[in-house]
Structure formats: structure tokens, C-alpha cells
Amino acid sequence: MVLVLLVGGLVWTSWDRHDSTMPVGDLDGWRQTFTEDFQEDVPLGSFPGAPYEEKWTGYQGFTDTSGEGRYETAHVVSVQDGILDMYLRTEDGTPLVAAPVPLVSGSWGGQLYGRFEVRFRADPVTGYKTAWLLWPDSDEWADGEVDFPEGPLDGEFYAANLCVGEPGTFCYRSEDLATFTSWHTAAIEWTPAGVTFYLDGEEVGHSDESPSKPMHWVLQTETDHGEPPASSSGHVEIDWVTIYEMTPDHPDAEQTAS
1 MVLVLLVGGL
11 VWTSWDRHDS
21 TMPVGDLDGW
31 RQTFTEDFQE
41 DVPLGSFPGA
51 PYEEKWTGYQ
61 GFTDTSGEGR
71 YETAHVVSVQ
81 DGILDMYLRT
91 EDGTPLVAAP
101 VPLVSGSWGG
111 QLYGRFEVRF
121 RADPVTGYKT
131 AWLLWPDSDE
141 WADGEVDFPE
151 GPLDGEFYAA
161 NLCVGEPGTF
171 CYRSEDLATF
181 TSWHTAAIEW
191 TPAGVTFYLD
201 GEEVGHSDES
211 PSKPMHWVLQ
221 TETDHGEPPA
231 SSSGHVEIDW
241 VTIYEMTPDH
251 PDAEQTAS
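Take 1 as the starting number for the sequence shown in UniProt numbering and just add one per residue.
It is possible that some hints are incorrect.
Here are the simulated DMTMM-like cross-link-like pairs (lysine to aspartate or glutamate), alpha carbons at most 25 angstroms apart as the crow flies [to be verified]:
| # | residue 1 | residue 2 |
| --- | --- | --- |
| 1 | 55 | 139 |
| 2 | 213 | 28 |
| 3 | 213 | 166 |
| 4 | 55 | 68 |
| 5 | 55 | 92 |
| 6 | 213 | 254 |
| 7 | 213 | 139 |
| 8 | 55 | 245 |
| 9 | 55 | 36 |
| 10 | 213 | 92 |
Computed beta-carbon distance windows for the label pairs [said to hold, decoys possible]:
| # | residue 1 | residue 2 | range |
| --- | --- | --- | --- |
| 11 | 60 | 81 | 20 to 28 angstroms |
| 12 | 229 | 65 | 17 to 25 angstroms |
| 13 | 213 | 251 | 18 to 26 angstroms |
| 14 | 142 | 21 | 36 to 44 angstroms |
| 15 | 138 | 231 | 19 to 27 angstroms |
| 16 | 225 | 138 | 23 to 31 angstroms |
| 17 | 202 | 126 | 25 to 33 angstroms |
| 18 | 169 | 82 | 22 to 30 angstroms |
| 19 | 254 | 92 | 51 to 59 angstroms |
| 20 | 61 | 237 | 42 to 50 angstroms |
For the record, the hints were derived by calculation from the structure and aren't laboratory data. For every residue, glycine included, the Cβ atom is placed at its ideal position computed from N, Cα and C.
Using the sequences plus the hints, can you model the full thing?
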């Protein structure tokens, strides 16, 4: 089902959570620059492979935020039947995690403002979490961080915007929003006027704080603040991903970023 809403002078299109159709085409104020609905299979251990090497990369060979997991995107990610699958597990005593990164026009980073949307679900895997985020191209935490969805896979996820110039400090954190076990569509809209979060077509949060330097989107999936049980394993699934850039006619385009 497609629902068209008039929000702040913009025509905004949302897709019912039960409808797996990837949105294709521009929106008022947004030009679509990236789409991916995973139509070609890639076996576990081979990602991105020839089908995706020009559109995807990922963290590889270093520890995650907790220091307990190791990013092995190539060995964790596969694609089958239109779904990107992250198979989280422990091998040889090391939790294996992944952080796929979409490449807009073949490039990592370089985007200032945008709309980022993903359809996803996950098993309730104890000891693992998502921290899907916009991260500064500068790799300087003080330049900001936007997270959605973030939370433990066996719990609920939330949206957050960290304060520019204050690493680790929340300028905004939503309430816990939903569990991972059902399909959801999450979207971040980042403009000079702030950051707005949508879940399944409904606005669920907004922050007036806005990062003002280029960022890139990372589907960072990692251990949850420590070592997970060795027996803990399961899957994070992504149906589709889209990215948009803000156009000059967007109502927020002439505002000065804070």
C-alpha cells in the first residue's frame, strides 16, 4: 500500500511495513541517488562480489566498538532471494560482525544532508546490536553522529542524534520504538534545520541539532557492549536501501546549519 502525505509543504510517500516494494524516484525536496534491492545472489564469504563491488563496501578486519567483535563484512554478509543477510556468530572464539557501507556514485562519503531509508528485520540474537549511523567523513566524533535504528537485537531499538562538539552526548534520544523481529522501514532526514526520524511512515522523533560536515551511512552491526555468548547466532536481514540528496528547492536548503 502506498500512502502520500502532505508534510510541511512536501509531498512525502511512505510504504506500508507489509509492502516490500522499494521506493523508486525523486520526492519533493529530495533527489534519489542510490537504490538497492539485492536482486543478485552472493554466497556467504564472497560479499560484495562482482554484483555489488561498485555499490557496496564494508568494514573489514578490525574490532568493533566494544572491542569484542571483529568486523568481517565479507564473511558475514550474503545475498539470497532479494535479501541481504548478516549471519552473526562466533568462530574460533571471535564474534564476527559486519558494517556494510553503500557507495553513492561509487564513492564513500561526501554527502552533506540527505534522506536515508532502509527496510529491515532481525532475529533476537543475544549479545549483538545495530548502530546504523551517519558518521563524519572526517572520522572526528565531535563532528556529530546520527543513529537509527540503534539497539540490542533481543530488545527494542531507538533513534538518536549526538551533539556536535560534545562526543558521546545525546542532544536527542527517542523512547524505545519497536523490536527487530518484524519487518520495519526506518528513515533519517538530515537537513540544515535538524534531523527527523521516521518509522514505518510515521515521524517518531526530531532534533534541531544538525551536523554541518559531510557524513556517510554505515549499517554497523556489532556486539552489544561486551562479548556475546559463544552459542549466540542469528541473522539481520535487509530488504532494500535508498539514499536521497537534498535539492535546492527543499524548504530547509537556505537555512544556515548550526
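Each hint tested on the structure:
1. 55 <-> 139: Given pair residue 55, residue 139 holds - Cα atoms ~21 angstroms apart, limit 25 angstroms.
2. 213 <-> 28: holds, 23 angstroms
3. 213 <-> 166: holds, 15 angstroms
4. 55 <-> 68: violated, 28 angstroms
5. 55 <-> 92: violated, 31 angstroms
6. 213 <-> 254: Roughly 16 angstroms separates the two Cα atoms, so the pair holds.
7. 213 <-> 139: Within the cut-off at roughly 11 angstroms; holds.
8. 55 <-> 245: holds, 17 angstroms
9. 55 <-> 36: Given pair residue 55, residue 36 holds - Cα atoms ~9 angstroms apart, limit 25 angstroms.
10. 213 <-> 92: Violated. Residue 213 to residue 92 sits at ~40 angstroms, over the 25 angstroms cutoff.
11. 60 <-> 81: 20 to 28 angstroms: With Cβ atoms ~25 angstroms apart, the hint holds.
12. 229 <-> 65: 17 to 25 angstroms: Holds, since residue 229 and residue 65 (Cβ atoms, about 18 angstroms apart) stay within the stated range.
13. 213 <-> 251: 18 to 26 angstroms: At 22 angstroms between Cβs, range holds.
14. 142 <-> 21: 36 to 44 angstroms: Given range 36 to 44 angstroms: holds, Cβ gap about 39 angstroms.
15. 138 <-> 231: 19 to 27 angstroms: Check failed, 39 angstroms falls outside 19 to 27 angstroms.
16. 225 <-> 138: 23 to 31 angstroms: holds, 26 angstroms
17. 202 <-> 126: 25 to 33 angstroms: holds, 29 angstroms
18. 169 <-> 82: 22 to 30 angstroms: violated, 39 angstroms
19. 254 <-> 92: 51 to 59 angstroms: For residue 92 against residue 254, whose Cβ atoms are near 55 angstroms apart, the range 51 to 59 angstroms holds.
20. 61 <-> 237: 42 to 50 angstroms: violated, 24 angstroms
In summary, the structure is inconsistent with hints 4, 5, 10, 15, 18 and 20 from the numbered list given earlier, while agreeing with the others.
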